[in-house]
Amino acid sequence: MEEIDEIKEVISNYDKDNIRIGVLASHSALQILHGAKKEGFETVLITIPEREGFYANFRHLIDKVVHINTWKEICRDEVIKKLQDLNVIIVPHGSMVEYVGSECFLDLKIPLFGSRKIMEVEADPRRKMQFLRSAGIPTPREFSLEEDFDDLVIVKLPGAKGGRGYFIAKGKRDVVKKLGNNRRDVIIQEYVVGARAYYHYFYSPILERLEILGIDIRYESNADSLGRLPKSDIEPSFTVIGNIPMVLRESLLPKVMDYGDKFVKATTNVERGGIAGPFCLESVVKDDLSIVVFEFSGRIVAGTNLYINGSPYSWLYWDEPMSMGRRIAREIKLALERDRLYDVLR
Amino acid sequence: MEEIDEIKEVISNYDKDNIRIGVLASHSALQILHGAKKEGFETVLITIPEREGFYANFRHLIDKVVHINTWKEICRDEVIKKLQDLNVIIVPHGSMVEYVGSECFLDLKIPLFGSRKIMEVEADPRRKMQFLRSAGIPTPREFSLEEDFDDLVIVKLPGAKGGRGYFIAKGKRDVVKKLGNNRRDVIIQEYVVGARAYYHYFYSPILERLEILGIDIRYESNADSLGRLPKSDIEPSFTVIGNIPMVLRESLLPKVMDYGDKFVKATTNVERGGIAGPFCLESVVKDDLSIVVFEFSGRIVAGTNLYINGSPYSWLYWDEPMSMGRRIAREIKLALERDRLYDVLR
Amino acid sequence: MEEIDEIKEVISNYDKDNIRIGVLASHSALQILHGAKKEGFETVLITIPEREGFYANFRHLIDKVVHINTWKEICRDEVIKKLQDLNVIIVPHGSMVEYVGSECFLDLKIPLFGSRKIMEVEADPRRKMQFLRSAGIPTPREFSLEEDFDDLVIVKLPGAKGGRGYFIAKGKRDVVKKLGNNRRDVIIQEYVVGARAYYHYFYSPILERLEILGIDIRYESNADSLGRLPKSDIEPSFTVIGNIPMVLRESLLPKVMDYGDKFVKATTNVERGGIAGPFCLESVVKDDLSIVVFEFSGRIVAGTNLYINGSPYSWLYWDEPMSMGRRIAREIKLALERDRLYDVLR
Chain A
14 MEEIDEIKEV ISNYDKDNIR IGVLASHSAL QILHGAKKEG FETVLITIPE
64 REGFYANFRH LIDKVVHINT WKEICRDEVI KKLQDLNVII VPHGSMVEYV
114 GSECFLDLKI PLFGSRKIME VEADPRRKMQ FLRSAGIPTP REFSLEEDFD
164 DLVIVKLPGA KGGRGYFIAK GKRDVVKKLG NNRRDVIIQE YVVGARAYYH
214 YFYSPILERL EILGIDIRYE SNADSLGRLP KSDIEPSFTV IGNIPMVLRE
264 SLLPKVMDYG DKFVKATTNV ERGGIAGPFC LESVVKDDLS IVVFEFSGRI
314 VAGTNLYING SPYSWLYWDE PMSMGRRIAR EIKLALERDR LYDVLR
Chain B
14 MEEIDEIKEV ISNYDKDNIR IGVLASHSAL QILHGAKKEG FETVLITIPE
64 REGFYANFRH LIDKVVHINT WKEICRDEVI KKLQDLNVII VPHGSMVEYV
114 GSECFLDLKI PLFGSRKIME VEADPRRKMQ FLRSAGIPTP REFSLEEDFD
164 DLVIVKLPGA KGGRGYFIAK GKRDVVKKLG NNRRDVIIQE YVVGARAYYH
214 YFYSPILERL EILGIDIRYE SNADSLGRLP KSDIEPSFTV IGNIPMVLRE
264 SLLPKVMDYG DKFVKATTNV ERGGIAGPFC LESVVKDDLS IVVFEFSGRI
314 VAGTNLYING SPYSWLYWDE PMSMGRRIAR EIKLALERDR LYDVLR
Chain C
14 MEEIDEIKEV ISNYDKDNIR IGVLASHSAL QILHGAKKEG FETVLITIPE
64 REGFYANFRH LIDKVVHINT WKEICRDEVI KKLQDLNVII VPHGSMVEYV
114 GSECFLDLKI PLFGSRKIME VEADPRRKMQ FLRSAGIPTP REFSLEEDFD
164 DLVIVKLPGA KGGRGYFIAK GKRDVVKKLG NNRRDVIIQE YVVGARAYYH
214 YFYSPILERL EILGIDIRYE SNADSLGRLP KSDIEPSFTV IGNIPMVLRE
264 SLLPKVMDYG DKFVKATTNV ERGGIAGPFC LESVVKDDLS IVVFEFSGRI
314 VAGTNLYING SPYSWLYWDE PMSMGRRIAR EIKLALERDR LYDVLR
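Chains as they are written, first to last, in the numbering used here: chain A, 14 to 359; chain B, 14 to 359; chain C, 14 to 359.
For reference, chain A alone in the conformation it holds in the complex (with noise of 0.2 angstroms):
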């Protein structure tokens, strides 16, 4: 466990007066930037040139902008150097594993509220389905090539990312068809027939409590299109462009709940302390009220943009529009306050 033992030193070499909160130029770091100023944080932008322009109209959120060429660069020790001497904590989001290697990201020397080891299961989709499990979370059927099935399946290829790299097929028949030589490391999984739903979870180790900070239906091209044509040949596709918000059922969040639950006491398997911070399990719920997770995101995810002045949940918890951003930095903030900034980093 190195790196821990590293990053422990690192915070302890911290400013915690001066403590700011980076990220990356994407996926969800405007509501981060926003999030963390709102809570009194100074911000650090870690940018590559080409988004430089369009993350310059929200210089008000952003109080240092860290300047690389490449994405990789963030690991280079002037940049690492730079970085600590800011006393910057990195938010990481959906897009940093896959900017920055999953190697270089597991031994960043950068305090992260986040957490690496759980993001390394993420980034496997044969343990991330393993963990889910492991778990007791109720997951989709998976099929192999070495079995007989007549069944509507979705096929994930080996790197599938962001909803791309993602098939249906029905029937083992088909799958082979359509897989044609390219049969390593596919995953098979039953294409669970119901609505979409992706909750957005933050667990805090200081308040000792799950929140359900929102609920979103991701919005795919082309699969949240192909409705609206008459009789049409075209096969879906499933990259994620946005988020489209929903509020759940009442009745069905205790067991939204205790799944989350469940995920949360997992994680201590995997990392010291466990998860801190945000989460989601995507889901799919059928229509006899059963929900099913096909997947999980060990971070903030992009659905939470749409809640950046709180959601139908954040409201029940806090009495001020809390987005996930905002709580992350508001975590920040009551661990510094307590002296117990390393039991939220990891």
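Incorrect hints may appear among the rest.
Intra- or inter-copy, both count: the list cannot distinguish identical chains.
[Unchecked claim] Straight-line distance between alpha carbons at most 27 angstroms, and here's what the computed BS3-like set of lysine-lysine pairs gives:
(1) Lys-244 / Lys-185
(2) Lys-85 / Lys-268
(3) Lys-191 / Lys-244
(4) Lys-122 / Lys-85
(5) Lys-268 / Lys-77
Please keep in mind that the hints were generated in silico from the structure rather than gathered at the bench.
Since chain A is already given, all that's left is putting chains B and C on it; use the hints.
Chains B and C only, in chain A's frame:
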């Protein structure tokens, strides 16, 4: 009209300075509790053991918990006595009639902010549609198995609820085939093709005005996901699993307000004073911009859970965040200030 | 450029301490009135008799009502005189050109916060697409009946508006069959398959910046409901009946901002000072994350009605609830403070 006099008597014994707002632990309870607290009321959660753990996450919204072992126990004398001693007004929601049964509900000796007799009409599919027609609100055509028809229809089995027990068919032959021997008491309604919209109204006896506080789309499993699949043979099902926000074309709002007015007026034939508080008209907007109402709810609907911090419409009326739950509590407060509590309770 | 000088003269006669914001009773009027009041302006509702009853529900947002018998009466001298005497700036919306006719609209001797000439381009389907192409914004391919094609296309009949008068066809043969003899002035556009997203921009001449204040999905009858039906032969129709909120993948926002900048720049070739205030680009996001813009609106769109208390994007710019209607009023206020009113009016 025995029960009404009894309610008057119960109210007359209440301590008006210590009115508490009570709700069963389901449906829109969190919103109702949240709204009641915002208006300065103490709250009472009535709950069965299985729900206690979940609602304990929101104990900051709950002043008293009344524990019952089954929902029907709310009808027992000692529970009623306890609620009366706490000066409780219950806000009935969509799960209440289902949970406690309509006989108990109708005679329950607890003041309700909501309409017993209109909820009774709501619970009977035939009276429900008859009520809408008598109010002068456009409804879908109905078919009987005595006649022949080729139309696309939706068939509602007896006891259909929350979207369960419905199916779609094309023409009489298909209906008969899908029904099998269960032909009794089915309702066969024209399936109106168009965009669904559910209007959340609030009628205020104190301000003597009808407000439109929000609009939603019910999110149904699996109907709202079938369009994502290529050429599927899966039959749609209509279990409501949540709600999605929407706004309506402004030029349609006068019509929506007109239908709401008609509804309010018609309720005066059913219950003393007509409806007080929330109700919902559930419609399809056709591509010629006509509106067809296929159902109503004579009480708060779960779609209002979207708007816990106000909706695009509530902000037009109120210069503060006004959920339907808070609006209910506000009306009780206004009635208390004017010594007119009996006028808003049923 | 006669009308511009005349507008300058009208403005010069206005009492700058008593500017009133006026709007026709439709489309986004409630939002515009609400926003004007928030910024401290008096408001004027211009209405026909059929709409008065509905808008009377919002009399707290309306200071003066100008009654006209038909929309076109707004072009009569005495109505114009009355509006000038009230120092009215009209905020034109999507119903205005349709209601008053484009000749009257173009020469109307009332200052507009909005762009006459760009709205004129918007009203002409061929010039509209030509304008987008000349701005350097990606648009769908267009087809003519002189050529042969097999593509999925959307056909727009002359006068198509608000989603009405469109149909989908597959290949030239199907187009010809569905058109029958009405082949004049039709536009045949590639039907781009992907997820629709509508971006609400505001260009501020005073702050010299382009803001993205919201994104929505138009909710169309019956296209958005067909996917709920099993194997249906019903042809899609595209009447807009409302709007659903969404957020976009953050990594797409730089491109969206770029297209907005290109649009603003191109408008300077069409109208003195280019566009001032709201406009909308109406797009499909393909599964390769490219964006194709199939239409624009050169004024406030009804999708902004979703965000009367602010949108996920407006909160990033403004630390207060900022609807598009309020943003318009804010710009007028800023212009008045800087004695630059003429710069934001057209």
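*Which numbered hints are broken by the structure, listed smallest first?*
none
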